[in-house]
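First to last, the protein sequences are chains H, X, V and P.
Take 1 as the starting number for the first sequence in my numbering and just add one per residue.
Take 300 as the starting number for the second sequence in my numbering and just add one per residue.
Take 599 as the starting number for the third sequence in my numbering and just add one per residue.
Take 898 as the starting number for the fourth sequence in my numbering and just add one per residue.
One or more hints might be untrue.
[To be verified] Capping the alpha-carbon separation at 25 Å, the derived lysine to any residue pairs in SDA-like fashion look like this:
id, chain 1, residue 1, chain 2, residue 2
1, P, 1136, V, 796
2, X, 538, V, 796
3, H, 239, V, 885
4, X, 538, H, 198
5, V, 837, P, 1100
6, H, 239, P, 1147
Keep in mind that the hints were calculated from the coordinates and are not lab data.
Since the model is a prediction, treat every value here as computed from it, not as a measurement.
There are 4 protein chains.
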Amino acid sequence: MHTVGFIGLGAMGAPMAENVNGAGYPLIVYNRTRSRTEPFAERGERVADSPCEVAQASDVVIVMVTDDEALEAVLEGEEGILAGLTDGTIVLQMSTVTPAGTEAAAEAVRDVGGRYVDAPVSGTVGPAEEGTLTVLAAGPDDLLGEVEGILAAIGEPIVDCGAVGDGARMKLFVNLLLGDMMGAFAEALAFGTAQGLDYEGMLTVVEAGAVDSPLFSIKGENIAADDFEPRFPVDLQFKDLRYAVEEANDEGVPLPQTAAARETFSAARGMGHGGEDMAAVVKFFEQVAGLSVGDSSES
Amino acid sequence: MHTVGFIGLGAMGAPMAENVNGAGYPLIVYNRTRSRTEPFAERGERVADSPCEVAQASDVVIVMVTDDEALEAVLEGEEGILAGLTDGTIVLQMSTVTPAGTEAAAEAVRDVGGRYVDAPVSGTVGPAEEGTLTVLAAGPDDLLGEVEGILAAIGEPIVDCGAVGDGARMKLFVNLLLGDMMGAFAEALAFGTAQGLDYEGMLTVVEAGAVDSPLFSIKGENIAADDFEPRFPVDLQFKDLRYAVEEANDEGVPLPQTAAARETFSAARGMGHGGEDMAAVVKFFEQVAGLSVGDSSES
Amino acid sequence: MHTVGFIGLGAMGAPMAENVNGAGYPLIVYNRTRSRTEPFAERGERVADSPCEVAQASDVVIVMVTDDEALEAVLEGEEGILAGLTDGTIVLQMSTVTPAGTEAAAEAVRDVGGRYVDAPVSGTVGPAEEGTLTVLAAGPDDLLGEVEGILAAIGEPIVDCGAVGDGARMKLFVNLLLGDMMGAFAEALAFGTAQGLDYEGMLTVVEAGAVDSPLFSIKGENIAADDFEPRFPVDLQFKDLRYAVEEANDEGVPLPQTAAARETFSAARGMGHGGEDMAAVVKFFEQVAGLSVGDSSES
Amino acid sequence: MHTVGFIGLGAMGAPMAENVNGAGYPLIVYNRTRSRTEPFAERGERVADSPCEVAQASDVVIVMVTDDEALEAVLEGEEGILAGLTDGTIVLQMSTVTPAGTEAAAEAVRDVGGRYVDAPVSGTVGPAEEGTLTVLAAGPDDLLGEVEGILAAIGEPIVDCGAVGDGARMKLFVNLLLGDMMGAFAEALAFGTAQGLDYEGMLTVVEAGAVDSPLFSIKGENIAADDFEPRFPVDLQFKDLRYAVEEANDEGVPLPQTAAARETFSAARGMGHGGEDMAAVVKFFEQVAGLSVGDSSES
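I would like the entire structure built from these sequences, with the hints used as guidance.
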C-alpha cells in the first residue's frame, strides 16, 4: 500500500489525513505549526521536519494548504517538496488554489520528474470528518486511477473534471453558485422579515419547494441561532466571488448577479463581518434596513 | 362532507380539483372556457354556468385564477361569486395574487357575510397532480381548521403563514428566491461553460454539494435537453421579481442581487424569450458571450 | 395679453408665477395653504378660493403641484378646474407627473372643451428664480406657439418633446440620468477617499475633464460643507429611478446600472436619509465603509 | 533649459512631445517602432536607439507607454532607462499605470540615484494636441516645481495629487466616474429611445440641465453619427472599471453601480465591441432590446 505524505493539517486537512490513515495507508505528516501533528504522532504515524522530508518518504504527497502562496512555498521553498521528490512520486494537490496556481505547480512538479493530480475538494469540516467531501479530480486517467483509493477515503463522489487546472475551475464554479445563493437567501430573508413573515414559516416553505437546498437548511438554522462561527467566512466567500468575476471578465461573460453579490459581501466586510461565517452577509441587510432576521419571537 | 366549488380549471387548477374530488368531496366546477369542465362532467360532477351559481351551491368555493384582475372579475363581476354567496360560505383563494389583491378580496367577501382563506400554492404542474404542492395558508385558525381536509388533498405541507395577505407575501418571498437562484444558476453554468468545464460534471458537482437543489436538477436537465417548454415562463418569473423589488422598496430593504436578476430576466424578455420556461434566462448569457450551455459534446 | 391662472405656489411654483407676472401677464393664483398667496395679493394680483374660480377667470391655467394625485385633485375635485373651465381655455400642466397621469389629465380637459399642454420643467429652485428652467414642452404646435411667451418667462431652452405624455417621459429620462450620475459620483468619491485622495483635488480633476458637470460642482461643494438641505431629496430621486426602471421593464430594456443605483438610494432611505438632499446617498458609502467623504483635513 | 527625453511616441505621446518641444525644450526621443520618430528627426531633434541612450542624454526623461509591463520594460530591460540613468536625473512617468506599478518604478529609479515624478494625464488625443490635458502630478514639491514648465507645456490644470502613487490613484478615480457616466448615458438613451423620445431632443435636454457634461455632448454626437472610432475603446474603459472595483474591494468599499457598469462593458466586449470607442457600450442595449439609438429619423 502506498505511503502517503500529508502536508497541511488544518481544520480540513487533519480529518482528511485521519480518513486516509483510517483506510489503511501509512502516513508521514508535516505542518508548519508542529503541535497539529501531535495526534498523528500519538497514533504512531511519522512526523517530518519539512515538506522535503515528506516527499522523500512518500509515494503520494497530499498538499492541503491555504492558497497559491502557501502552495508555492511548500513546493519550491528551501526544504520544499521539489527538493525531495523522487522520480514518479505523485503530488496530489487538494488545496483551493487558482487554475494558474495549480497549473504552475504541475509544471514545476513534472520538471523534477514527479507526477501531478489536481483535486480540490468541495465541502466543509463536517463532510471532511465524515469522508463525504466532493472531490474535484483532474489529471490523466491512469493517475486518477492510481490515487483512487486515497480519494475514496476522503470523499464521495469523485468527479472527473478533466485536465489539470479544471479541478480549480470547477471549485470556482461551485463557489460562485454558493456565494450567489447565500446572498440571495439573505435578500429573501430580509425581504420576508420586513414584510412581517414568520422566520420558521419561511424556512418551512423553502424546504418544501423546488428551492430547497442543504445550504439554506444549515444557514437558516445558524441565523436563527445567531451562530456566525466561521465554517466558511465572508472573507473567503468574497475572495471566490471576486476571483470568479475576474475570470469571467477574461472570458467575456457578464455576471451581473454575481457582481452584485460580490459588492454585498464587500459591504459586509466593510461593516466588520469579514471573519464571521458567510451567513453573516445577512447582517448587511439587517443594519441597512433596521431588521432582526431570524428572530421568530419578534414577528 | 362539504360541497366544494372550484373556479378555474387551468393547468394547475384541474389536477387540484381532481385531487379534492378524489378525497371524497362532491364538486361543482366552473371555467370560463367551458371545454375544460368536460372531464368533470364525465365523472358525474356538476358544472355551473357562472361563479354565482358555484357560490350558491357550495360550502367552500376554491378560486384558482391567473391574477388580481381575474380574481376581481370572478368575485365582483355580474354573475360573480359575491352575487351568490350564502352567509358563512368560505371563499378559499388559492391563486397567486398580490397581498393588496387578496386583502381587498377578503374584505369584499366579508362584506356580504362570507368567510375568507388566503392560501396560494407553491409548486408546478407535477406537484399539483401528485397533491404535493406547498400550501401557504393564511387566515383565522378556526377557518384553517375547517378547510384542512380540502387543503390536505391538494398539498403537503400546509404552512400556516399568518393573517390574510401573508399567504401572498410568502409566495412572493419564495418566488424571489426562485428567480435569484435560476439567474445565479444560469450565470454559474455560463461561467463554467466559458471555462471549458464539462456540463454533466458541473451538474454532478452541484448535486453533490451544499448547493444541491431540486430546481438545479430539473432545470439543469431541461437546459441539456434544450427543452424550454414553459412550466413557469420567464415573463411570470420576471413579474414576481419586479413585484418583490417594488415591495422591498416600500419597506426600505435594498435587494441588489434581486434587482440584477430582474434586469437579466428583462434582457431575456427583450431578446424574445419571455414565453419560454424561466430556464431560458440562460439564453441571455449564451447570446451575449457566444456560448452553448448544456452541450456536453462541445466541451 | 392672456390672463394666467397659477395653481400651486410651492418652492418651485412661487418663483415661476412671479416670473410670469414679471413678463407682464396678469395673474389669478390659488394655493391650498392660503398664506403662500399673500406675496401675490400684496402685488395686487387676484387670489382665488378654488381651482374652479381660477379656471373661470383665466385664458391659460398653469398647474404646478406635487404628483399625479394632486393633479387629479385640482382638476377633478369638487371646485376643481374642470368645473370652471371655459371652452378653449388652455391647461398648461407643468408638474412632474407620470406619462399616464398627464395623458389622463389631457383627456379629461379635452372632454370638457379645454385644450392641454404637457410641459414639466427640469431644474431646481435656483433656475426657477432665474427663469432658466428647462421646459419640456409637449403638445400640438399651435398650442405651444400660443403659450410660448409664458413658457419663455419661466425657462430657457423650451424643448419641443412631441405629443402630450412625452414631456413627462423626457423628465423621467433626464432624472434617470441625474440619479445614476449622483450615485456614480458618490461611489467615485467614496473610492477616492478610501484611497487617501484629497477631496478638493478630486473635485478639481472632475471639473477639468470630460466628466465635468454642474451637478458634480454643486453636490461636491454641498458634501464638503456637510449641507444636505433637500433641494431634491433622496426620496424623490429614488421615486424617479423606481419609476424609470418600471417603465423600462415594460419596454424590455434592461437597466442594470440604474437598477443598482435604485437599490443604493433604497439603502440610503433604509438608513434614514430619505428626507435629505439626493447628495446624501454618499452617506450609505460612508456608513458601510467607515469613511468621511468631503473632509479634506482628514486626508 | 533642461534637455527632455521622451519615450513613447504613440497617439498621445507624439503630440505631448511636440508641445514640450514647442515650449523650447530640446528633445531626445525613442520609440519601439522607429518610424514614429521620423517627424522629430525632420525637425532636427535627436533620435535615440534605446531608452538607455535617452537616459544618458537627458535631464528629465518622460515615459508615456501603454501599461505596467511596458513601463517595467523601458525601465529595467537591457538597454533600459536604469542602465543609463545619471545621478539626479528625473524620470517623469506619465503613462496610465497602477499605483503599485508606479510605486515600484519610483523605487527602482531611486535605487540607482534618480528622482521620480508620478504624473499621468487625463484626456484624449484632442486635449493632448492642444496642450490641455489634465495633469495628475504626484511627488515631492521641489521636484514638481522643477518640472513645472514641462508639465505646463503638456496640460492645464496641473493638479497636485500628493505622493508618488496618488497620480495613478487619481486617474483611476476619474476613469471610474467616466465609465459609470458612459454606461449611465447609454442606459438613459436606450430608455428614452424605447419610450419614443426624439434623440436630438434628449441631447438638448441633457445639455440644458445640471447633468450637462462634455462627455455627453461628444459621445451623444458620435452615437448619432454612428462613429465608434476608438478614442478610448471599450476594452480600456473596461480595464479601468475592473481595476477600480478590485482596488475598492481591497478597501472594503462596495461599488454596486460601478460593478454593474463593469458587467455591461463586459457584455459589450462579449458581443464583439471591445475595440470600438467606449460609446459602443450603447450597442449592448440596442442588441438586447432591438433599438436603434441615435437615429432621429426613426422616432
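Hint check:
no.	hint	verdict
1	P:1136 <-> V:796	holds, 24 Å
2	X:538 <-> V:796	violated, 45 Å
3	H:239 <-> V:885	holds, 22 Å
4	X:538 <-> H:198	holds, 24 Å
5	V:837 <-> P:1100	holds, 23 Å
6	H:239 <-> P:1147	holds, 10 Å
The earlier numbered hint that this structure contradicts is number 2, and it is the only one.
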